[in-house]
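Residue numbers (our numbering), protein chains in the order written: chain A, 33 to 342; chain B, 12 to 269; chain C, 6 to 340.
Note that these hints are calculated values from the structure, not bench results. Incorrect hints may appear among the rest.
[As the list claims (entries may be wrong)] Cβ pair distances, simulated, as ranges:
id, chain 1, residue 1, chain 2, residue 2, range
1, A, Val241, B, Asn128, 18 to 26 Å
2, C, Pro218, B, Ile68, 26 to 34 Å
3, A, Gln103, C, Asn296, 29 to 37 Å
4, A, Lys192, C, Ser277, 58 to 66 Å
5, C, Pro218, A, Gln278, 58 to 66 Å
6, B, Lys150, A, Val241, 26 to 34 Å
7, A, Tyr282, B, Ile68, 24 to 32 Å
Built from N, CA and C at the ideal position, the CB exists for glycine as well.
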Amino acid sequence: MSLDVKDIPASEAGDLGGIDHGKSGIRVLKNNIATVLIWAAFLIALIPLVWILWTVLSKGLSTILTVTWWQKDQSGVGAPGFDTNVRGARHAIIGTLEIAAATSVIAIPIAVMTAIYLVEYGRGKLARGVSFMVDILSGVPSIVAGLFIYAVWVTFFGWKLNAFCSSLALVLLMVPVVCRSTEEMLKLVPNELREASYALGVPKWKTIVKVVLPTSFSGIVTGSLLGFARVAGETAPLLILAQYTQFLNYNLFSGNMAALPTLINVNVPNMAGDQVSADRVWGAACTLILLVLVINLLGRLIGRLTRVKS
Amino acid sequence: MGKRIDVKDLNVFYGDFKAVEGVSMTVEPRSVTAFIGPSGCGKSTFLRTLNRMHEVIPGGHVQGKVMLDDEDLYAPGVDPVAVRRTVGMVFQRPNPFPTMSIRDNVIAGLRLNGVKNKKVLDQKVEESLQGANLWNEVKDRLNKPGAGLSGGQQQRLCIARAIAVEPQVLLMDEPCSALDPISTLAIEDLIGKLKEQYTIVIVTHNMQQAARVSDKTAFFNLEATGKPGNLIEMDDTQQIFNNPSKKATEDYISGRFG
Amino acid sequence: MSSSTGASLSDELPDPDGRPPLRGDDANTGRAGDKVFGGLAIGSGIVVIAMVVLIAIFLLFQAIPAIGDDKVNFLTSREWNVSGRRFGILQMLWTTVVTSVVALIIAVPFAVAIALFLTHYAPRWLAGPAATVIDLLAAVPSIVYGLWGVIIVAPKSEGLQNWLSDVLGWFPLFAKVPSVGGGTTMFLVSIVLAIMVLPIVTALTREVFSQAPAAHQEAALALGATKWEMIRTAVLPFGKPGIISASMLGLGRALGETVAVLYILSALPDSSKWTWSLFNGGDTFAAKIANSASEFTGGTSTGAYIAAGLVLFILTFVVNAVARVVIERRKAFSE
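Whenever a hint applies, use it, and build me the whole structure from the sequences.
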C-alpha cells in the first residue's frame, strides 16, 4: 500500500492560490535533490545487471546457438591449447537439471509441510523455535552446507561422493526459500474460508489439503520455481561435493556427474590463453544464466496469472 | 428435520477470560430465534458454542450443557466435526471457496466428507440451490466460479452449501450485515422458507430484521467492557419489542443505548 | 514479493484487517487423518530444527580434534599451513569481515534509496517491473558475478583503484599494496558483494516502507511538508528497525559468499606482510574452503577447514539471530 503523492509536486504545492506558505527555497531544493538522488540510485543499480547480461550474452550466445552445444558432451576433449573443439554441454545441463530436480523432490515437501505447521498448527515454543531455525537456515552459507554434507557423508560415514550429495547440500538451501514463500501464501488465505470448511463438518487436515492449499497453490508453485532457480545456479557446495566428468551420466547415485557451474570451474584456469576454454566458460555461463532467469521469470508469471482472487 | 436446542448454565471462556456467563435457553425446533444486543455482548460467541466453532479459536472452551434433542454436544467422546455436520453455519461475510465453481461450492461439504456418487451430487446441487432460492439465477452457469456472483447471491450460495450437508440446525452470524437492502430482503424471505425444515438461530445487529424474521428474540448485554456478557431475557419477539420485562431491554430496543 | 531472497518480514507484521497473525487454530481432532497430517507437519518442523542442530554438531565435533592438533593459536595466527599443522584464521577473519562490512556500507544507502523509489517515487506502471528487475540481481548465479568481476571489471577498475590509493593512501584502509596488481583486491570484492546483497536488503526494506502508516504520511503532507520531509518524518523512522535487520541479513549473505570472492580475489603469498589496506588480496573463509576441497585428505587437514567453516557458521548464525531479534523487538513495539 503506497501513498500516491506524485500528483502533488512539492514545488507547486506551496504556491497554491499564489500564496507562499513558507516553503523556503532551501526546502524545495532539498526535496528536489532527494528526488534526483533516489532516481539515480535506481538507475545506477541497473548498470551491473545490464552489464552482466551484455557480457554473458555477447561472449556466450554464439556458442549456445549451435546444435552441438545441446547435443554433445565433452568426451574426447584434449589438453588445453591443443583442442580446437568446443563441443557440447549436454552432460552439464542434464546434471544441473537432475541435481536441482532431486533437490526439489526432497526440499519442497519438507518446506511446504513446515510452512503448514507454522501457519496452521504452530503455537508456543516449538513453533517459535522452528520459525527461528528457518531464518537461521536461510542464512547458512552455501559453502557451509556443502562442508556439512562432506563431514557427514565422507568423514563420518566414509561413503563415496556422488551427485546426490550435491542435492542433499542444496536441500538445506532450498527449504527455507520455499518455506518462507509458502508461509506468506498460506497467511493470505482468509480465515473465513477455513471457518466455512470447519462449519461444514470437514476435518482440519482435509480443510488444509482441499481448501487452503488449492487457494494458495499458485504462490507455492512460484516459490518452488524461485527455489529451483536458486539451487540450479548455486556453485559453492558443488566445488566440494561434485566430481566433474566430461561424460554424460544420468545416474545421480553412481559415478561422477557434471553440472554447469563445475563445467565453468574446470575451464576457468585455462581460459586466459585458450579461446576454446573461454568459449566453454562463457557458453556455460550463458546457458546457466538463461536457465535461471527463465525459470525465475516463469515462476513470477505463473504467480501473477493464476492467482486466486478471493 | 429440525431439532430442539436446550442450553443449561453455559459459561464460555477464551483461556482464563470468561466471555459469556450463565446462559440457559430453549430453542424450539423449526422456528427462528434472533439474538440481539450491543457489540461485544457475547451473542456471536454464544452462537458459535452451538456448533463448537468457538473451539477453533485457541483456548476456547465451555462449562455447562448444550443439548440437541437428547444429545449433549459437549459430552466426552462427541466429535466436534460431527457436531458441525449436524449444526450448520452461515457467516457474516459471504465466503464461497474461491478455487471452486458454483456447483463444487454447493457440494463441497459432501465431497470433502467422502460422497462420490455423481448422481447423488447432481441432485443435491439442484435441491440445495432450489432450497436457497438461487437455482433460477445460476442454473446456466454452475461451472463458473462462485466468486463471480453478487454479494447477496454469494451469501445464498453459502446457505445452499450449508444446507447441502442436511443439518438439523442452521446458525447465521449477521448474515446480512455485508449486503445491500435488496439482497437482505432476499435472504430474509429465504429464512422464512427455511424455517419449515430447519431450526434457525440468527445473530443480527438490525432490530427491524429481528422483528421481521424471528419467532423468539433473546437480548444479550454486558455490564461493562471486560465483564462477561449474559442473557438478559428471551421471549416471543412480539413481547420483546412491544412489552419487554427488563429495563435494559427496553432501553436497548428504544435506542437509548447500544 | 521477496521470495527470491528467502526471507520475509510479512510474518512479523499484523494482518491487513488488524487481526493478530494467524498462528494455528484448535480445529485439530483426534481423527486418524488429522493425527497423521498434523504429525507430518510437526515432523517437518522438527526436521528443520534438526538440520541446523546437526550442522552445528557435525562441524563442532570434527573441528575440535583439529584445533587440538594446531601448533599455532587458531584465533590469533595469520598462518595457514594445513600440512604443517599450523593454521590460524586471523587473516581470513579480517578479509571476510572487512569485505562484507564495506559491501554493506556501499549497499545499504543504495538499497534504502531504491526501496523509497519503488514505494514512493516510481510511477505506478514502473514500480512492479522495477522491483522485478532488482530482484533479478539476486537471481544471477554467483559464479557469473565472479567471472564478470575478475575478467571484465577488475582490469577496468585498476586505474580507479590506483588513483584512490594515490589520493587517499595516507589513510591505512587505502594504502598502496604494490604486490597485488590487476585490480583483484578486497576493494573490488566489496563492490561486487555490494551488488549481490543489494536485492535482499532492498526487498526487505521495501516491504517495511510499504507498510508505513498512510495516516502519518498524509498528516505530514497536510502540515505542508515537502515529499522528502514527509519521508524523513513518517517513513524512515518507521522503517529503521527493518533497515537494520535487512542489513544484518545482507551482511550474513556477504560473509558466506563463495565463488565470486574465490574468482576475484588474488591469493596472498605465505609470508606477506600485514596491511590494513583494502587494496590487498587474501582469502575469505568460504573462498579458502572451496579452493582447498582437493586438500580434504582426512584427519587434521580436513578438520582444519571444517574448523574454518564452523567459525563462518557461527558468524552468520550470530548475524542472522541479531537480525531476527531486532525485528521481534519492533513487532512487540508495534502491537
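Now the hints, each set against the structure:
1. Distance hint for A:Val241 and B:Asn128: a CB-CB separation of about 21 Å, consistent with the stated range 18 to 26 Å.
2. Separated by about 28 Å at the C-beta atoms, C:Pro218 and B:Ile68 satisfy the suggested range of 26 to 34 Å.
3. Range check, A:Gln103 to C:Asn296: about 33 Å between beta-carbon atoms, so the 29 to 37 Å window is met.
4. Separated by about 38 Å at the C-beta atoms, A:Lys192 and C:Ser277 break the suggested range of 58 to 66 Å.
5. Range check, C:Pro218 to A:Gln278: Cβ separation about 60 Å, and the 58 to 66 Å hint holds.
6. Checking the proposed 26 to 34 Å range against B:Lys150 and A:Val241 shows it holds: the Cβ atoms sit about 30 Å from each other.
7. Here the CB-CB span from A:Tyr282 to B:Ile68 is close to 52 Å, at odds with the stated 24 to 32 Å.
This entry does not satisfy hints 4 and 7, going by the numbered hints stated previously.
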